[in-house]
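Q: So you can see what is in the structure, the chains are spelled out below.
2 protein chains.
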Amino acid sequence: MRYLMRISYDGTNYSGFQCQSNKTTIQGEIEKELGNIFKKHIPIVTSGRTDAGVSALSQICHFDIDDDIECNKVASYLNALLPRDIRILDIKKVDYDFHARYSSKKKTYEYYFYIGHDIIPFYEKFAVNVGYGVDIDKMKLACSGFVGLHDFSAFCASNTSVKDKNREIYEAYIDQLGDNLYKFVVTGNGFLYNMVRIIMGTLVDIGMGKKSVEDIGKILSSRDRKNSGKTMPSKGLVLKKVLY
Amino acid sequence: MRYLMRISYDGTNYSGFQCQSNKTTIQGEIEKELGNIFKKHIPIVTSGRTDAGVSALSQICHFDIDDDIECNKVASYLNALLPRDIRILDIKKVDYDFHARYSSKKKTYEYYFYIGHDIIPFYEKFAVNVGYGVDIDKMKLACSGFVGLHDFSAFCASNTSVKDKNREIYEAYIDQLGDNLYKFVVTGNGFLYNMVRIIMGTLVDIGMGKKSVEDIGKILSSRDRKNSGKTMPSKGLVLKKVLY
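These protein sequence lines map, in sequence, to chains A and B. Using this note's numbering, you'd call the opening residue of the first sequence number 1 and step up by one each time. Using this note's numbering, you'd call the opening residue of the second sequence number 1 and step up by one each time.
In short, the hints are calculated from the structure, not lab data. Note that the structure is a prediction, hence the values are computed from the model and not measured. Built from N, CA and C at the ideal position, the CB exists for glycine as well. Hints may contain errors.
Now the stretches of chain B that chain A is said to cover, found in silico as 3 or more residues with beta-carbon under 8 Å [said to hold, decoys possible]:
#1 83 to 97
#2 123 to 136
#3 217 to 227
In silico PhoX-like pairs for lysine-lysine, Cα to Cα no more than 20 Å straight-line [as the list claims (entries may be wrong)]:
#4 Lys-226(A) x Lys-163(A)
#5 Lys-39(A) x Lys-140(A)
#6 Lys-125(A) x Lys-230(B)
#7 Lys-125(B) x Lys-235(A)
#8 Lys-218(A) x Lys-230(A)
#9 Lys-73(B) x Lys-40(B)
#10 Lys-125(B) x Lys-240(B)
#11 Lys-241(B) x Lys-125(A)
#12 Lys-241(A) x Lys-125(B)
#13 Lys-230(A) x Lys-165(A)
#14 Lys-105(B) x Lys-230(B)
#15 Lys-73(A) x Lys-39(A)
#16 Lys-73(B) x Lys-32(B)
#17 Lys-105(A) x Lys-241(A)
#18 Lys-163(B) x Lys-240(A)
#19 Lys-240(A) x Lys-125(A)
#20 Lys-163(B) x Lys-125(A)
#21 Lys-23(A) x Lys-235(A)
#22 Lys-125(A) x Lys-105(B)
#23 Lys-93(A) x Lys-73(A)
#24 Lys-230(B) x Lys-210(B)
Same shape as in the complex, but just chain A:
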């Protein structure tokens, strides 16, 4: 039997999603407690790993198990065992042709940031200070420059093994959440390693006047990581949802 599991986590205290020896990871914690419940190792497959410090409102995984399990009970057991910063939202039975990674059609990420002269401690709990004097209107305008099917080589960490760097962005915009508090929201068919954080760094450069809105097309066609902005901190990044 295959089961789809919807999970939510605060990535602050984890070395990312994927298991790594001697590091505390989201996958490691969940597999440990699944193992405690079923007395065997049950690997989970995710829609895509998230980096150290990245959170998820709703991440999708699947796992296979011979037994016919009571989904609500297993979710409750897991939540009782797991730390509070990892929560199982629900578990449901799916067909074997469902695959958390390969069946995913769209993902939406959010990046929480604020514009501050100094740090704003309340915002620091969940958002990143992009500095003072940043022109938010230019950043808002620039978002549309990423929409469409593009080769995102210039917006991908250089140490990646992925060959096809074409990705389609369906929607990208910035919402104001409060005084100088914003989130960048981006939906695409998939994202390269560090892609959202590099797009975000490029938007900040545009807001600071270091790059122009028109530069986005040039940076994309250059396919060169050196031309895009810096990789913004993981803290503000949240996987909002995965669509199938």
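Following the hints, complete the assembly by docking chain B onto the known chain A.
A: Here is chain B on its own, set in the frame of chain A:
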């Protein structure tokens, strides 16, 4: 000379604003470092204390000192000495007729909350889960019931010594910030002890169908704390600004 100081803090790790013996408070930390800089005790007067766990985007204080100080330098020194969750935004010289508390005309508070079946760890960093099945539209509609000049005795912690419980609310509304994430924003000429948190608890009761929008007027005129909702947790509460 009198100086106005704008400060910002995350209240999570403090026993509120006001000094208390053997407890770590915002005022205590700031007065300690002002004392370290000027080699004497300099009491600070705030627009109003905030409770344990309550944060501020921009809180106002004043202090008096004989010396003519370099405001930017003192702010920098303080920021170097203070923990990162308390920040001095700026300091400026003001007339002696300015008083952080008595001169304040309006205050705006925000309360961050989300509607979740289980906790959402990323939202837990800064917002309070009000439970599942809460009708946000009813809550939005109910906000206007608090606007106007009212006797807020029913929305005040019972252990208060304040006699005049008339307060005027100028504006109250709920903004959506994300998937099931909201903030309640309220501006008034002043707030009684726990008033925003009790209003928020009453809004949640209305969202849960335990109380109706029409009940607000009855609760206000009853002047009885027993008729309003519970005091919501301090974590979601943030003093946004003080106007003079």
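Q: Indicate, hint by hint, whether the structure satisfies it.
A: Going through the hints against the structure:
1. 83 to 97: holds (count 6)
2. 123 to 136: The restraint on the region 123 to 136 of chain B holds, since 4 of its residues have a Cβ under 8 Å from chain A and three suffice.
3. 217 to 227: Result for this restraint: violated, n = 0.
4. Lys-226(A) x Lys-163(A): holds, 18 Å
5. Lys-39(A) x Lys-140(A): violated, 51 Å
6. Lys-125(A) x Lys-230(B): violated, 26 Å
7. Lys-125(B) x Lys-235(A): Distance ~12 Å between Lys-125(B) and Lys-235(A) Cα, so the pair holds.
8. Lys-218(A) x Lys-230(A): Judged against 20 Å, a Cα distance of about 17 Å means the pair holds.
9. Lys-73(B) x Lys-40(B): With a Cα-Cα distance of about 18 Å, the restraint between Lys-73(B) and Lys-40(B) holds, given a limit of 20 Å.
10. Lys-125(B) x Lys-240(B): Holds, at about 18 Å.
11. Lys-241(B) x Lys-125(A): Since the Cα atoms of Lys-241(B) and Lys-125(A) sit roughly 19 Å apart, the hinted pair holds (cutoff 20 Å).
12. Lys-241(A) x Lys-125(B): Holds: Lys-241(A) and Lys-125(B) sit about 19 Å apart, inside 20 Å.
13. Lys-230(A) x Lys-165(A): Holds - the C-alpha atoms of Lys-165(A) and Lys-230(A) are around 19 Å apart, at most 20 Å.
14. Lys-105(B) x Lys-230(B): At roughly 28 Å apart (the allowed maximum being 20 Å), Lys-230(B) and Lys-105(B) break the hint.
15. Lys-73(A) x Lys-39(A): This hinted pair holds, its Cα atoms lying about 16 Å apart.
16. Lys-73(B) x Lys-32(B): Holds, at about 17 Å.
17. Lys-105(A) x Lys-241(A): holds, 11 Å
18. Lys-163(B) x Lys-240(A): violated, 48 Å
19. Lys-240(A) x Lys-125(A): Status holds; Cα separation ~18 Å.
20. Lys-163(B) x Lys-125(A): violated, 37 Å
21. Lys-23(A) x Lys-235(A): Answer holds: Lys-23(A) to Lys-235(A) is near 18 Å, not above 20 Å.
22. Lys-125(A) x Lys-105(B): violated, 29 Å
23. Lys-93(A) x Lys-73(A): The given pair, whose Cα atoms are some 13 Å apart, holds under the 20 Å limit.
24. Lys-230(B) x Lys-210(B): holds, 12 Å
Checked against the numbered hints given earlier, the structure breaks hints 3, 5, 6, 14, 18, 20 and 22 and satisfies all the rest.
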